[in-house]
Amino acid sequence: MTLNLIYFARLKDTFGRGGETLDSGAASVAELLAELAARGGVWADELGSGRVFRVAVNQTMAGPDTALAAGDEVAIFPPVTGG
Amino acid sequence: MTLNLIYFARLKDTFGRGGETLDSGAASVAELLAELAARGGVWADELGSGRVFRVAVNQTMAGPDTALAAGDEVAIFPPVTGG
Amino acid sequence: MSNFTIRVGHAEFEPGAEIAALSGNPAAGAIASFVGLVRNYGDAAHVTALELEHYPGMTEAELARIVDEARQRWPLTAATIIHRVGYLPLGEQIVLVVVAAGHRRDAFAACEFLMDYLKTRAPFWKKEHYQDGSSRWVDAKDSDDDAAARWMAQ
Amino acid sequence: MSNFTIRVGHAEFEPGAEIAALSGNPAAGAIASFVGLVRNYGDAAHVTALELEHYPGMTEAELARIVDEARQRWPLTAATIIHRVGYLPLGEQIVLVVVAAGHRRDAFAACEFLMDYLKTRAPFWKKEHYQDGSSRWVDAKDSDDDAAARWMAQ
Chain D
1 MTLNLIYFAR LKDTFGRGGE TLDSGAASVA ELLAELAARG GVWADELGSG
51 RVFRVAVNQT MAGPDTALAA GDEVAIFPPV TGG
Chain P
1 MTLNLIYFAR LKDTFGRGGE TLDSGAASVA ELLAELAARG GVWADELGSG
51 RVFRVAVNQT MAGPDTALAA GDEVAIFPPV TGG
Chain E
1 MSNFTIRVGH AEFEPGAEIA ALSGNPAAGA IASFVGLVRN YGDAAHVTAL
51 ELEHYPGMTE AELARIVDEA RQRWPLTAAT IIHRVGYLPL GEQIVLVVVA
101 AGHRRDAFAA CEFLMDYLKT RAPFWKKEHY QDGSSRWVDA KDSDDDAAAR
151 WMAQ
Chain L
1 MSNFTIRVGH AEFEPGAEIA ALSGNPAAGA IASFVGLVRN YGDAAHVTAL
51 ELEHYPGMTE AELARIVDEA RQRWPLTAAT IIHRVGYLPL GEQIVLVVVA
101 AGHRRDAFAA CEFLMDYLKT RAPFWKKEHY QDGSSRWVDA KDSDDDAAAR
151 WMAQ
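Chains as they are written, first to last, in the numbering used here: chain D, 1 to 83; chain P, 1 to 83; chain E, 1 to 154; chain L, 1 to 154.
Possibly wrong hints are sitting among the right ones.
[What the hints assert, rightly or not] Mimicking DSS-like on lysine-lysine, the simulated pairs with C-alpha atoms at most 25 angstroms apart in a straight line are:
#, chain 1, residue 1, chain 2, residue 2
1, E, Lys127, E, Lys141
2, L, Lys141, L, Lys127
3, L, Lys141, D, Lys12
4, E, Lys141, P, Lys12
5, E, Lys127, P, Lys12
6, D, Lys12, L, Lys127
To be clear, the hints were calculated from the coordinates, so they are not data collected in a lab.
Isolated chain D (complex conformation):
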């Protein structure tokens, strides 16, 4: 299935892209994150270990167990620093 990924702030800079369209078999956020971390390099650094980040699915905050469906918009970003 196709997922629409979006990256913000530090992650956008580190990944060198603001987003991508991904053909993925991930059934949950946790599976998607594992798939991305398996790319190694900055992906493993940012998503695989101690770094803190947030995930939103279809613009709603999500957790590791949040299920994914075809066409979902999945945003990954650092903790917010607004205002």
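Starting from the structure of chain D, add chains P, E and L where the hints point.
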């Protein structure tokens, strides 16, 4: 000695004056209030019984025991309702 | 205390101009403000105007004192207090407090502290004017009782 | 919810105009507001500008949700939230929250509540630009940790 009395808000309306110069022998705020209440009528109504009011001597909040001296500015007014 | 201003008088004020005047200090990232207006309900319906009386001289001295107290409690870079007096029809602005600080919690806390003081302790008195032409001095609310401790009550 | 306005964009705003826009309702006697500015210290000295990024669409939805929550907690007559994004030099205004209510405590509480939300949960990210031309994304503060409960952290 001479005291400069000032009345504000409801007391100004009730007493029919914004202030007065008084030749008084009152040594304290309590003595001055008793002297004014002894006038009877609205003076006794406002200053002698259950009505709540405040007193400032030389623009500083005062209590019954505050001493008075010649030339003092003594203001008597209802609880404030500002802002 | 040039960054700390107190004005009491009848003249209109412009909140935007007062906020802008405190925005120039690059150390102040947070500006909290409050505007109080004449509203058409509360102690009585059919209010058409308020009339504000104050104790000239003492008002300014008391406000300067409370601004000093706020500065001791919170690190502030600037503050402006404007309180109008006289006849103020429905919808008119009565009071403005603007506080600038490095951090928003300090700005909010000091702004609310100053407003609480203005409402409960500063020597202002409000008279309500009604549609039928009558008027009445507003009684102090029970919530102002805490102020009574330092004042004299018989 | 026509009295409740949310704007996210680069355009400048004028606090006085926004406060005046909420002053027309005769039931609202209390207007609390907050302006956040780019200041020259904090996480690092020599900051010359901030760059604000946000998540278009989600930001507005989240702000609408939090305004609804504020309206459930306090009786408000109106509120305006303006949050700027993009490159904002030192001294520029970043954020404005204006809340109108019948009573000042409600206005203050809701204004601070909305600002707390904007600082800790709304999807905005800040990058600091320095005098030497370098820049750095600002890390979330420890005080933001309470927000983490409803977000995912690995």
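The hints, checked one at a time:
no., hint, result
1, E:Lys127 with E:Lys141, "14 angstroms, holds"
2, L:Lys141 with L:Lys127, "14 angstroms, holds"
3, L:Lys141 with D:Lys12, "20 angstroms, holds"
4, E:Lys141 with P:Lys12, "20 angstroms, holds"
5, E:Lys127 with P:Lys12, "12 angstroms, holds"
6, D:Lys12 with L:Lys127, "12 angstroms, holds"
In summary, this structure violates none of the numbered hints.
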